[in-house]
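Line by line, the protein sequences give chains A and B.
Note that the first sequence covers residues 1 to 197 in the working numbering.
Note that the second sequence covers residues 1 to 197 in the working numbering.
Don't read these hints as lab results, they were simulated from the structure.
Where is the CB? At the ideal position from N, CA and C, for every residue including glycine.
Just so you know, not all the hints are guaranteed correct.
Said to hold, decoys possible - Chain B stretches covered by chain A per the calculated footprint, using a threshold of three residues with CB under 8 Å from any CB of chain A:
{"no.": "1", "stretch": "19-29"}
{"no.": "2", "stretch": "46-55"}
{"no.": "3", "stretch": "94-104"}
{"no.": "4", "stretch": "108-119"}
{"no.": "5", "stretch": "126-140"}
{"no.": "6", "stretch": "162-174"}
As the list claims (entries may be wrong) - To be clear about the criterion: a stretch of chain A counts as covered by chain B if any three or more of its residues have a C-beta under 8 Å from a C-beta of chain B, and this derived list gives those stretches:
{"no.": "7", "stretch": "17-30"}
{"no.": "8", "stretch": "88-101"}
{"no.": "9", "stretch": "128-136"}
{"no.": "10", "stretch": "148-154"}
{"no.": "11", "stretch": "158-167"}
Said to hold, decoys possible - Under 8 Å between C-beta atoms, here's a sample of chain B residues computed to sit facing chain A:
{"no.": "12", "residue": "GLY13"}
{"no.": "13", "residue": "CYS87"}
{"no.": "14", "residue": "PRO88"}
{"no.": "15", "residue": "THR91"}
{"no.": "16", "residue": "ASN192"}
Chain by chain, the residues:
There are 2 protein chains.
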Amino acid sequence: MNHLSCGTSRIVGCRFSIYPMSDRFVDIILGALRNTDLSKVWSHTDDVSTWVRGRSEHVFDVVQSIFLHSAAGGEHAVLNATFSIGCPGDTQGDAFMSTDDMRMNAERNQAIPLQVAAHFALYPLGTPDYMDTIYEIIGLAKEEGTFDESAHYASRLEGEAQRVFATLEHAFNRAQKTDKSHVVMTTTISANSPSTK
Amino acid sequence: MNHLSCGTSRIVGCRFSIYPMSDRFVDIILGALRNTDLSKVWSHTDDVSTWVRGRSEHVFDVVQSIFLHSAAGGEHAVLNATFSIGCPGDTQGDAFMSTDDMRMNAERNQAIPLQVAAHFALYPLGTPDYMDTIYEIIGLAKEEGTFDESAHYASRLEGEAQRVFATLEHAFNRAQKTDKSHVVMTTTISANSPSTK
Numbered sequence: 001m002n003h004l005s006c007g008t009s010r011i012v013g014c015r016f017s018i019y020p021m022s023d024r025f026v027d028i029i030l031g032a033l034r035n036t037d038l039s040k041v042w043s044h045t046d047d048v049s050t051w052v053r054g055r056s057e058h059v060f061d062v063v064q065s066i067f068l069h070s071a072a073g074g075e076h077a078v079l080n081a082t083f084s085i086g087c088p089g090d091t092q093g094d095a096f097m098s099t100d101d102m103r104m105n106a107e108r109n110q111a112i113p114l115q116v117a118a119h120f121a122l123y124p125l126g127t128p129d130y131m132d133t134i135y136e137i138i139g140l141a142k143e144e145g146t147f148d149e150s151a152h153y154a155s156r157l158e159g160e161a162q163r164v165f166a167t168l169e170h171a172f173n174r175a176q177k178t179d180k181s182h183v184v185m186t187t188t189i190s191a192n193s194p195s196t197k
Numbered sequence: 001m002n003h004l005s006c007g008t009s010r011i012v013g014c015r016f017s018i019y020p021m022s023d024r025f026v027d028i029i030l031g032a033l034r035n036t037d038l039s040k041v042w043s044h045t046d047d048v049s050t051w052v053r054g055r056s057e058h059v060f061d062v063v064q065s066i067f068l069h070s071a072a073g074g075e076h077a078v079l080n081a082t083f084s085i086g087c088p089g090d091t092q093g094d095a096f097m098s099t100d101d102m103r104m105n106a107e108r109n110q111a112i113p114l115q116v117a118a119h120f121a122l123y124p125l126g127t128p129d130y131m132d133t134i135y136e137i138i139g140l141a142k143e144e145g146t147f148d149e150s151a152h153y154a155s156r157l158e159g160e161a162q163r164v165f166a167t168l169e170h171a172f173n174r175a176q177k178t179d180k181s182h183v184v185m186t187t188t189i190s191a192n193s194p195s196t197k
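Assemble the whole structure, with the sequences as input and the hints as a guide.
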């Protein structure tokens, strides 16, 4: 257990939904949840979304796992997610910050081959130089080879799911300029779409 | 034609996707598009999302129509949408700002009965007092009777679809403090869900 990092870490949260475009959507979502180890995050579900909260690496690990398992059967599935850090008053789930950093779903996540297309947008809040941060993060995605093009109100990523998720995690972490930064990142990730681009 | 308002209006855009949780998702989406009058907005679609841009009232009118028609058949359908105004460099589609303000889909929108649950979040960008604006808008939703509760990273609305969409439009418009404000609002609206809250 890496308790030493506990005091300097900040809790990350994600509100997300999975949309399998299938009559079997309930089974697909429940199956993806069963195949995901949620033991290192706080979680809660209502009829619109699920929330997970904890250390950044576990939040990204869990969301990636639930999406990969939802799409692994080949049906068209979409993830919509809002990641947040530094929201004023955001403390519920702090107990999960004392876990270690070993990702519980990483091995299985790596084993699922999947091509995805994604849009993402970053919102650094409370700061006048937010556009500079956004341009910097677009540069990061270009370096990582997942950037496809800019679109209105979003940037488009494409490629293997694991690489796209890695870019999103790096972008979210890099966008935090100080340990008080409030940053929100939204993303829509689509797999097995019958549409052409 | 109300050309006089053209110079002071600002273009509003929305990036959105509709997710019908059904094997018939393609037919449902295409049917909803056929039943929606898009003549007063600029629009573009890729394999992840659709963009509509133009005057605020037409953007909200069109997005509401596409969602209502997607859910009208009783199948579980979700709208995910990001509304934006004031994004630096955002001008494409400006020609549509010279339309009049008569909503092309309002009458049919009013005729579709539908109960929905929604999450929404507001991101006023580039300003240190963004949290004050967010609290003000939550107050507005409470006044309008659609507010249900606060949730992590979002507020929850519930009720008739028409009233929920009205609150979202009012919230987005009210959050603009100056004619240079850059404001983003995200929302997830769910209808006919088999889940309980």
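Tested hints:
no.	hint	result
1	19-29	holds (count 7)
2	46-55	holds (count 6)
3	94-104	violated (count 0)
4	108-119	holds (count 3)
5	126-140	holds (count 5)
6	162-174	violated (count 0)
7	17-30	holds (count 8)
8	88-101	holds (count 3)
9	128-136	holds (count 3)
10	148-154	holds (count 4)
11	158-167	violated (count 0)
12	GLY13	holds, 6 Å
13	CYS87	holds, 7 Å
14	PRO88	holds, 6 Å
15	THR91	violated, 11 Å
16	ASN192	violated, 11 Å
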